[in-house]
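> Sequence:
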Amino acid sequence: MFNKLKIGIRRKITLGYIVIILCLLASVLILNNQIISLQKERNYIINNNSHIHAVTNRIEKYILDMESSQRGFVITGEPSYLENYYEAGEKWRSDFNELYQLFENKPTQQQKLNEIKATIEHWITTSGEPSIEFQKENNAEALGELFKVDVGRKDMETVRAQFESLRSEVIASMQAKVNDLDKMNSIVTLTLLGILVFISVVAIIIANGISRSIVKTLTQVTQTIQEIATSKGSQKGRIHVRTNDEINDLAAATNELLNILERREWLQLNIAEIVTKYQGISAITKLAETFLSEIAQKTQSSLGAFYVRETTDNNIQFVKKAAFADARDNAGIESFKLGQGLIGQCALEKKILIYNDIPEDFRLIGTSLGEVPPKSIFIVPIKFENDVIAVVELATMTGFNEQQRELVKQVIETFGLTINSVLGRMEIVRLLNESRALTEELQAQSEKLQTQSEELQLQTEELTMINEQLEERTKEAELKSRELEQAKKELEESAEQLLLNSNYKSEFLANMSHELRTPLNSILILSEMLAENSQNTLSEEEAEYAKVIHSSGGDLLALINDILDLSKVEAGKLDINFDEMNMSEVPVQIEQTFAPVAMKKNLQFYISKDENVVDIFYTDEQRFQQILKNLLSNAFKFTKQGSVRLDIKQLREEQLTNNMKDVSADWLEIIVSDTGIGIPRDKHQLIFESFQQADGATIRKYGGTGLGLSICKELARLLGGWISLQSNEGQGSTFTLTIPSLPNGIEEQECLELAIHEVGATNELEELMEEQLLETQDFSQQEVEVFQGKNILIVDDDYRNIYALKNALEKRGMNILVAKDGIECLDIMQANDEIDLILMDIMMPNLDGYETMSIIRKQMKITNLPIIALTAKAMKNDRDKTLEAGASDYISKPLNLDQLVSVLRVWLVSKGS
Numbered sequence: 004m005f006n007k008l009k010i011g012i013r014r015k016i017t018l019g020y021i022v023i024i025l026c027l028l029a030s031v032l033i034l035n036n037q038i039i040s041l042q043k044e045r046n047y048i049i050n051n052n053s054h055i056h057a058v059t060n061r062i063e064k065y066i067l068d069m070e071s072s073q074r075g076f077v078i079t080g081e082p083s084y085l086e087n088y089y090e091a092g093e094k095w096r097s098d099f100n101e102l103y104q105l106f107e108n109k110p111t112q113q114q115k116l117n118e119i120k121a122t123i124e125h126w127i128t129t130s131g132e133p134s135i136e137f138q139k140e141n142n143a144e145a146l147g148e149l150f151k152v153d154v155g156r157k158d159m160e161t162v163r164a165q166f167e168s169l170r171s172e173v174i175a176s177m178q179a180k181v182n183d184l185d186k187m188n189s190i191v192t193l194t195l196l197g198i199l200v201f202i203s204v205v206a207i208i209i210a211n212g213i214s215r216s217i218v219k220t221l222t223q224v225t226q227t228i229q230e231i232a233t234s235k236g237s238q239k240g241r242i243h244v245r246t247n248d249e250i251n252d253l254a255a256a257t258n259e260l261l262n263i264l265e266r267r268e269w270l271q272l273n274i275a276e277i278v279t280k281y282q283g284i285s286a287i288t289k290l291a292e293t294f295l296s297e298i299a300q301k302t303q304s305s306l307g308a309f310y311v312r313e314t315t316d317n318n319i320q321f322v323k324k325a326a327f328a329d330a331r332d333n334a335g336i337e338s339f340k341l342g343q344g345l346i347g348q349c350a351l352e353k354k355i356l357i358y359n360d361i362p363e364d365f366r367l368i369g370t371s372l373g374e375v376p377p378k379s380i381f382i383v384p385i386k387f388e389n390d391v392i393a394v395v396e397l398a399t400m401t402g403f404n405e406q407q408r409e410l411v412k413q414v415i416e417t418f419g420l421t422i423n424s425v426l427g428r429m430e431i432v433r434l435l436n437e438s439r440a441l442t443e444e445l446q447a448q449s450e451k452l453q454t455q456s457e458e459l460q461l462q463t464e465e466l467t468m469i470n471e472q473l474e475e476r477t478k479e480a481e482l483k484s485r486e487l488e489q490a491k492k493e494l495e496e497s498a499e500q501l502l503l504n505s506n507y508k509s510e511f512l513a514n515m516s517h518e519l520r521t522p523l524n525s526i527l528i529l530s531e532m533l534a535e536n537s538q539n540t541l542s543e544e545e546a547e548y549a550k551v552i553h554s555s556g557g558d559l560l561a562l563i564n565d566i567l568d569l570s571k572v573e574a575g576k577l578d579i580n581f582d583e584m585n586m587s588e589v590p591v592q593i594e595q596t597f598a599p600v601a602m603k604k605n606l607q608f609y610i611s612k613d614e615n616v617v618d619i620f621y622t623d624e625q626r627f628q629q630i631l632k633n634l635l636s637n638a639f640k641f642t643k644q645g646s647v648r649l650d651i652k653q654l655r656e657e658q659l660t661n662n663m664k665d666v667s668a669d670w671l672e673i674i675v676s677d678t679g680i681g682i683p684r685d686k687h688q689l690i691f692e693s694f695q696q697a698d699g700a701t702i703r704k705y706g707g708t709g710l711g712l713s714i715c716k717e718l719a720r721l722l723g724g725w726i727s728l729q730s731n732e733g734q735g736s737t738f739t740l741t742i743p744s745l746p747n748g749i750e751e752q753e754c755l756e757l758a759i760h761e762v763g764a765t766n767e768l769e770e771l772m773e774e775q776l777l778e779t780q781d782f783s784q785q786e787v788e789v790f791q792g793k794n795i796l797i798v799d800d801d802y803r804n805i806y807a808l809k810n811a812l813e814k815r816g817m818n819i820l821v822a823k824d825g826i827e828c829l830d831i832m833q834a835n836d837e838i839d840l841i842l843m844d845i846m847m848p849n850l851d852g853y854e855t856m857s858i859i860r861k862q863m864k865i866t867n868l869p870i871i872a873l874t875a876k877a878m879k880n881d882r883d884k885t886l887e888a889g890a891s892d893y894i895s896k897p898l899n900l901d902q903l904v905s906v907l908r909v910w911l912v913s914k915g916s
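Just so we're aligned, residue 4 is where the sequence shown starts under our numbering, counting upward by one.
Keep in mind that the hints are not guaranteed to be accurate.
[What the hints assert, rightly or not] Dumping the calculated DSS-like pairs for lysine-lysine here, alpha-carbon to alpha-carbon at most 25 angstroms: (1) Lys823 x Lys861; (2) Lys612 x Lys664; (3) Lys550 x Lys814; (4) Lys492 x Lys478.
[As the list claims (entries may be wrong)] Ranges of calculated distance between the beta carbons of each label pair, as one might list FRET restraints: (5) Asp613 x Glu493: 53 to 59 angstroms; (6) Leu341 x Leu272: 32 to 38 angstroms; (7) Pro599 x Gln658: 32 to 38 angstroms; (8) Leu341 x Gln406: 29 to 35 angstroms; (9) Gln607 x Gln658: 25 to 31 angstroms; (10) Ala328 x Leu272: 21 to 27 angstroms; (11) Asn849 x Gln607: 55 to 61 angstroms; (12) Gly792 x Lys864: 24 to 30 angstroms; (13) Glu543 x Ser611: 43 to 49 angstroms; (14) Glu543 x Asn849: 42 to 48 angstroms.
Please keep in mind that the hints were generated in silico from the structure rather than gathered at the bench.
Beta carbons are placed, not taken as given, at the ideal position from N, Cα and C, and that holds for glycine.
Let the sequences and hints guide you as you build the complete structure.
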C-alpha cells in the first residue's frame, strides 16, 4: 500500500516544513500562554495597587473634609458646612467597605483597616459630633473645654500614620510579587532557548533525510542515461526507477521520449524509401502501381486500389489506375463519383476513413491456399491545394496500427504534389501536340486576318473623324455648362441681395415708424387737450381746428400702420399665432364695434351664424378680426343706403375638395355683403393690389390708402385660406373669406418675432371712437383723488413730448419731474425718494431706457416703483424686451391720452394699496 502511495519531492519538502512549523507553533503557543499569564499577573498587581492607593487617598480626603467642615460650622455656625460634613461621612464609609473587599484573604491588612476605622469613629464620637451639638446649642463653654483637650487632633494624626503604615505594607507585598514574576520570566526565557535548539536539530535531521532520498534517486537516473548514451546510438535501453516521486515521472517521460524517437526514425526511413522509388516516373499509371506496391508492403496490406480524378465536361469522377494483390485482376470498381459509396464519401469529405467491423459478404483476399476476409479497411484521400486528386484504398487481414496509419498520412502530404506534377507534364505533352496542329490552322487564318486588318484600318480612320466631331460638341457643352453655373451664381447673389434689401427695408420702416410717431405723439396729445377746451380758453372755431388737427393725426397714424403692415406681409415676416378661438363670441364683438357705425349712417346691419358652425376654431384670432374689420369697414364706407350683412357658415363635407380635406376637416366661410356702389368686373383684381382702388374718383370721394384689401388678401393666405369677390358696379359687393381650422398651424410658415399693429378701421369708425372718447374726458372726482399730489417723473429727450405730457398730467393734479436722459433720471432718483411713477422713453442718447430701467431694478434695488415704458417702435418684441429690462407696463407711441390715464390709474391705485 505504501509502495503505491506517491510522495513527490515537493510533498517531502513540504512535509518537512510542516513538521518544523508545527513545532514552532507549539512552542509559540506555550510561550504565548506563559507570557499572557505573566502579563495578566503584572497588570493585576499594578491595577490593584493603584486602586488601593486611590481609595486610601479618597478616604483620607473625606476625613479631612469632615474635619474642615466641622471646624467651619463651629467657627461660623453656617449650616451649609454640615452638608459637606455629612456627605463626606457617607462617602468615606462607602470607600472603606470597597477597600476592605480589596484586602480579602489578607487578614493583616484587614486588621489595620479595622484599627483605622476605630480611630475615625473615635474622632467622630469624641470630637466631631459633640462640637457640632455644642454649636447648635450655642454652648460656648463646652466648646472651649472640648478644644482645650483637643482629642480630635490626636485622632487625626493617628489616622494619617495608620494610612502611611498600610500603604508601606501594600508596596512591600507588591514588590514581593514582582520578584516572583521576574523569576518566572527567566524560566520562560530559558524554555524558549531550549525549544529553539530542539527545533533546529529536528529541521537538520529532516532536511538531511529528504536530500539523501532525492540525491540517491537522481544518481540512479543519471547512471541509466549514461549507459544509453554509451551504447552507440541504440535506443533499446530504458530507465528503471523504484521510487514513486517526480524522479519516477522524469524516467517515464524519458522512456516515452525514446519510444517516440524510435517511431519517428522508423517513419523517416520508410518515407525516404517510398519517395525514392517513385521519383523520376512520368506516367500516372506507373506512378500509381509503384506507390501502391510500396505503401502496401510498408503497412502489411493484403489488398489495395489506386484512383485518380478525371474531369470530362464538368463531370468529375475517379478512375482506377492500379491494383495490388488482386487474384481476379478486378480489385475495386473501375470508377466512382463524389459521394458514391464509402470511397466516394471519403473523396467528398476530404477525410481519412478507417473501418474495422467488416461485413461477412465483403470481397475476400485471395492466396494460393484460398481466400480470407479482411479485418480492416483504410481509405485515404490524396490532396493538392485542398482539392482531392486521388484516393487510395487498402485492406488488411490483421489491422492497421497507429504507426502504419501515421506513415500513410505523412507520405500523402507530399505525394499530391507529385501526382499533380505528373498530370501536368502529361497535359503539357497533350497540349503541345494540339498546338502543333493548331499552328498550321492559325497560319492559314493569319492570311485572312491580314485582309480584314486592312479593312479595319479604313474604318478606324472614319471613327477618328467622328470622334473629333464629338470632342468639339463636348467642349461646346462644357462651355454652356460653365455659363449656366455662372448664371446660377449671379441668381444666388441676386437672391442674397434681395434678402438683404428686404432686411434693410424692414429696418428702415421700423426706424421711420419711430421717427414719424414721435412728433405725431405730441400732435395728437396736444390737439386732444385743445379740443377738450376744459378751461374754455378757445373759441368754438379754434376748438374745431384742434379736432381737425387730431383727426388728421389719426389719419397719418393709420397710414403709417398700413404701410408697415404691407411691408411685413411682403417680407414674409408677419407673426402668425394659431390658437383656439370661440366662434360664439364673434357676432357679439362685431356688433359692439360696428352697430354705432351703422346707426350713425342710418344703415341696416345684419349678423347671422349657422348652427353647425363649430364653437372652437383654430386660427390666429387677431388676424381673423383684422380681416373682418377691414372688410366691414369698407362695406360701411362705400354704402350710403341699404344694409350691410355678415354671414358665418361652415362648409359641408361635400363642398370640400380633396386638397381642402388634406389641409383640414373644418372650413369656415365668412361672407360680407353690402348694397353699396359696387366694383366693376375689370377692377376685381386691381383692388387687391397695393395703393389701388376702383378709380381715382373713389379715392377723392371716400378717402383711404388702398392698402386694406391688399393686406386682407395676404393675411388670408397666411391663415391658409383666400378671399373671393362677387360684385357689379351699382349693385353692391360680396367678399367671401374662406379659411381652415389649423390646430398645429401651417408647417411651412416661417414665424419670426416681428409683428405689426392692427390696420386701423375706416375714418368714420375712428371719428366715432374719438367722439366716444371725448364724451368720457370729464374725469370724475374719484380720479382727482387718485392723481392728486402724485409725483410723476417723465424721462424723454423730445421736448415736444415732455411739454404735451406735462400739461396733460398737471391738469389732473399731478406733480411732474422731468429728466432729459437716463443719467439725469438716475440722479433725480438718488436725490428724491418720493417719486410715485416713472414714464420712461426707450430711445434716448447717452443712456437709453432699457439700461436705465435695468440699473433701477438691479443696482438700486427699487422693485416696487411702477415704470411705464413709452416707445415709438412698432416691433412686437419691443414689449417683451422692455418687460425683461424692468418695465411694469408698455404703451406705444403715439399715445392715446385716455389709455395713458387708464394705465396711470391702475398702477397708482395698485401702488397705494
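> All the hints need checking, so say for each whether the structure fits it.
Verification of the hints:
1. Restraint check for Lys823 and Lys861: the C-alpha separation of about 22 angstroms stays at or below 25 angstroms, so the hint holds.
2. Distance restraint check for Lys612 and Lys664: the Cα-Cα separation of roughly 23 angstroms lies within the 25 angstroms cut-off, and the hinted pair is therefore satisfied.
3. Restraint check for Lys550 and Lys814: satisfied, since their Cα atoms lie roughly 19 angstroms apart, inside the 25 angstroms limit.
4. Of the supplied pair hints, the one linking Lys492 and Lys478 holds, its CA atoms being roughly 21 angstroms apart against a limit of 25 angstroms.
5. Between Asp613 and Glu493 the beta carbon distance is about 54 angstroms. The supplied range of 53 to 59 angstroms therefore holds.
6. Checked against the hint of 32 to 38 angstroms, the C-beta distance between Leu341 and Leu272 comes to roughly 36 angstroms, which is consistent with it.
7. Between Pro599 and Gln658 the Cβ separation comes to about 35 angstroms, which falls inside the hinted range of 32 to 38 angstroms.
8. Checked against the hint of 29 to 35 angstroms, the C-beta distance between Leu341 and Gln406 comes to roughly 31 angstroms, which is consistent with it.
9. Between Gln607 and Gln658, the C-beta spacing of about 29 angstroms keeps the proposed range 25 to 31 angstroms intact.
10. For Ala328 paired with Leu272, a C-beta distance near 24 angstroms keeps the hint of 21 to 27 angstroms intact.
11. Checked against the hint of 55 to 61 angstroms, the pair Asn849 and Gln607 passes, with Cβ atoms roughly 59 angstroms apart.
12. Separated by about 26 angstroms at the C-beta atoms, Gly792 and Lys864 satisfy the suggested range of 24 to 30 angstroms.
13. Between Glu543 and Ser611 the Cβ separation comes to about 44 angstroms, which falls inside the hinted range of 43 to 49 angstroms.
14. Between Glu543 and Asn849 the beta carbon distance is about 45 angstroms. The supplied range of 42 to 48 angstroms therefore holds.
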